[in-house]
Amino acid sequence: MTTARRARSLTRFWSDRPLAFKGLVVVALPLAVLLVALVSLYLASMAEARAEADVRRAFAIQRDAYQAHAMLAEAAAGVRGYVLTGEERFLQSYAQAEAQLPRIMDRLDTTIRDPIVRSQFEELRRLSVRKRDGLAQIVLLVSDAAAPRTDDDALTAALTANKLVLDRMRQQIEDLQQRESVLLNQRMSRVEAVRDRFLAVTAVSAVVGVLGSLAAVYLFSTGIVRRVRMLERNAGKLARAEPLADLPGEADELGRLARRLTRASALLRAREHALRESEERFRLVVEQVRDYGIFALDIDGTVASWNLGAERIKGWTSTEILGQHFSRFYPPETRDDVPQKMLAQARQAGTAEDEGWRLRKDGSRFWANVVITALRDGEGNLRGFAKVTRDISERRRSEEALRLAREEAIAANLAKSAFLSRTSHELRTPMSAILGFGQLLELDEEQFAEQHRSAIGQIMKAGRHLLALINDLLDISSIEAGGAELALEPIEMGALLEEVYGLAAPIVAAAGLRFDLAPCDQLATALADRRRVIQVILNLVANAAKYHRTGTRVRLSCRTIAGAVRVEVEDDGAGIRPSAVPRLFTAFDRLDQEDRARVEGTGLGLALSKSLVESMNGAIGHEAAKPGARFWFTLPCADATARDPATDAAKFPGEPFACPQT
Amino acid sequence: MSANLISGAEIQSRRILVIDDEQANVLLLRSLLEREGYREITCLTDPTKALAAYVDLDPDLVLLDLMMPEMDGFQLLEAFARHDRPDEFRPVLVLTADTTLPARRRALALGAKDFVSKPFDVIEIGLRIANLLETRILYERLRISERSGQACTGHNAPEI
Chain A
654 MTTARRARSL TRFWSDRPLA FKGLVVVALP LAVLLVALVS LYLASMAEAR
704 AEADVRRAFA IQRDAYQAHA MLAEAAAGVR GYVLTGEERF LQSYAQAEAQ
754 LPRIMDRLDT TIRDPIVRSQ FEELRRLSVR KRDGLAQIVL LVSDAAAPRT
804 DDDALTAALT ANKLVLDRMR QQIEDLQQRE SVLLNQRMSR VEAVRDRFLA
854 VTAVSAVVGV LGSLAAVYLF STGIVRRVRM LERNAGKLAR AEPLADLPGE
904 ADELGRLARR LTRASALLRA REHALRESEE RFRLVVEQVR DYGIFALDID
954 GTVASWNLGA ERIKGWTSTE ILGQHFSRFY PPETRDDVPQ KMLAQARQAG
1004 TAEDEGWRLR KDGSRFWANV VITALRDGEG NLRGFAKVTR DISERRRSEE
1054 ALRLAREEAI AANLAKSAFL SRTSHELRTP MSAILGFGQL LELDEEQFAE
1104 QHRSAIGQIM KAGRHLLALI NDLLDISSIE AGGAELALEP IEMGALLEEV
1154 YGLAAPIVAA AGLRFDLAPC DQLATALADR RRVIQVILNL VANAAKYHRT
1204 GTRVRLSCRT IAGAVRVEVE DDGAGIRPSA VPRLFTAFDR LDQEDRARVE
1254 GTGLGLALSK SLVESMNGAI GHEAAKPGAR FWFTLPCADA TARDPATDAA
1304 KFPGEPFACP QT
Chain B
14 MSANLISGAE IQSRRILVID DEQANVLLLR SLLEREGYRE ITCLTDPTKA
64 LAAYVDLDPD LVLLDLMMPE MDGFQLLEAF ARHDRPDEFR PVLVLTADTT
114 LPARRRALAL GAKDFVSKPF DVIEIGLRIA NLLETRILYE RLRISERSGQ
164 ACTGHNAPEI
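Each protein sequence line maps, in turn, to chains A and B. In this text, residue positions in the first sequence follow the working numbering: the first is 654, and each later residue adds one. In this text, residue positions in the second sequence follow the working numbering: the first is 14, and each later residue adds one.
To be clear, the hints were calculated from the coordinates, so they are not data collected in a lab. Even for Gly, the Cβ is constructed at its ideal location relative to N, Cα and C. Incorrect hints may have been included.
Computed from the model, here is a short list of chain A residues facing chain B with C-beta under 7 Å [stated by the list, open to error]:
| # | residue |
| --- | --- |
| 1 | His1078 |
| 2 | Arg1081 |
| 3 | Thr1082 |
| 4 | Leu1088 |
| 5 | Phe1090 |
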């Protein structure tokens, strides 16, 4: 458990190191192993050299010891020969030993290291000194004896002693050699051991180096490569917009790269999601629009998308129509040129609009309003066209119906005008003869008897009354038919009332009444037909004068009320009976027989006035005054919008156009 | 003032052509004219014969009704205008029962010199007829004096 955790944390530690560090480790590991191997090799070779030197020294010691021994043996033999013979020549080997032994001894002295051997050597050196001394004594004795031979016993003793020393020396050398050979064996075996160790170290180093390198490279490469592969897979997924696999979050460059990739993917997905949502919304909106056929065309005019509205209007489903050229929506007579013209125009001007017949799938036609818009990308390259089609057959039908109705109305109006003109002619023509001949008779009335003159007068009176009736009737008819030509213009009511006052004054004066004109609001300006307004006011004033039995005056006034000009004609006579008021404006409803007898009139005056005022968008009415009657009518104010500013400015310089409110 | 220049007899001697499809109206106009002392009065109730009469008669004044069957007064006004020289002053007095504004305007635009709506005042129409004839006579005199003036200058011209 702990080991596993430690291994994991180690792996983690390793993973977290930067790639440069990992590379360094991978390269350095075999190098270190190699270095260790070299060092061990060096140490081993040093040890071997040392061991070999020891062996050589051991041989040298053995050789020198043997040589010393041999030299002493030869010297002893020589001395013995000299002793026996007395011949000087036997002393040659002795002299040689005397000369060389110290050198050999010195050499041994420097060569010997082993303490046991050294003690043996020291003994040997002592013995060799004694031997040489012995030999020298013997030589001395012999040389003396040669002359006077004095002491044989001494010589024998010397020889014996010498012999003992030599034996001991021989023994010593043997021991020494033996010891050296033991040492040699030891050293030889040590050299062997060192050599074996060296071989082992080299072999182990090689194996460890190679395996370690391989392991490091394997671990490094498998780790890195595995992670790079994972990264590559993630990059591929990113490109395909798939969700990325989770990677362990190492702290090295690859780990950082993986994290960045993950973040980029998250951002990309968020953006894609938002885009898809917006696209989806847009698509739903476009697809679900039912009243407009909305579809896309590619650059050549091939249908690339199709919505519900298009399906509903044109009848094709999207699978049936996608990939087909949009010219098939056009009837044969326009199919060859209009579609191309539309595209060309849209390409040039950005948009093209058209109204015309289009075909449904079933071959039926509908009247369409079509707008084609060129679709361009950010660089301004044409990507295709958007086409919005509306079925406006219904609207066209109603427009057509409206047009027909208007034409019919105009025709009816013309017919009515013609009828009125005709009627006027047909009624007036006989009147012309009646009144004309009547007048001729009147002119020659002195030729006639009194009763005939009276008859002529009755004819003329009745004829004139009939003519007045005809005129008023035709007037009312033409107004009610809308045939009366109204010349609506802004009229300054103050000035108009003054004009009417002048015209009506004789009528009022003839009735023996006072005629008052109240000062008018200066700004009161009505939109009306001047001639008709005068006609109405004259009518009202004449009525006031005609039917006035008890009063003293007639008063004409004018003021502005909300959005309108109000004109009043007021008298202080007997007034109108309340029971008669509802029928005041009805044609031919003259008030009573008494009046009818006394006052001339057609009975159409108020009816005609009502028609005239209403035709000018006004109202007319009556109210009781105390005493007397008050007739009023209103006309709409001429406001700025209803006028032609140029002519108005000329007519009413400096005057505001707005109707003053009271 | 004009009475000083032109005598009643001269006016009354002028030729008047009356065109109206209504017999009663023609009769009324004839009575009226005769009462005023006119002697050269030609009356027609068939408008299709009007142009021929106009050409044959060469009237000094035409009293013309507008609303007639087959050929109305407007057509006749156009025909008269085509027939006359541009500098001719031959007045046409339109008498019509159609008092609508378009009719009045159209008739005057086509060359009618005066317009009286029916029924008319007998005295007024007598005065208008006399005025129109007087204007025609004055116009003729002006033309004659112009011609003689031209003749004089034409005569003297080579000597200058």
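The hints, checked one at a time:
| no. | hint | verdict |
| --- | --- | --- |
| 1 | His1078 | holds, 4 Å |
| 2 | Arg1081 | holds, 3 Å |
| 3 | Thr1082 | holds, 5 Å |
| 4 | Leu1088 | holds, 4 Å |
| 5 | Phe1090 | holds, 6 Å |
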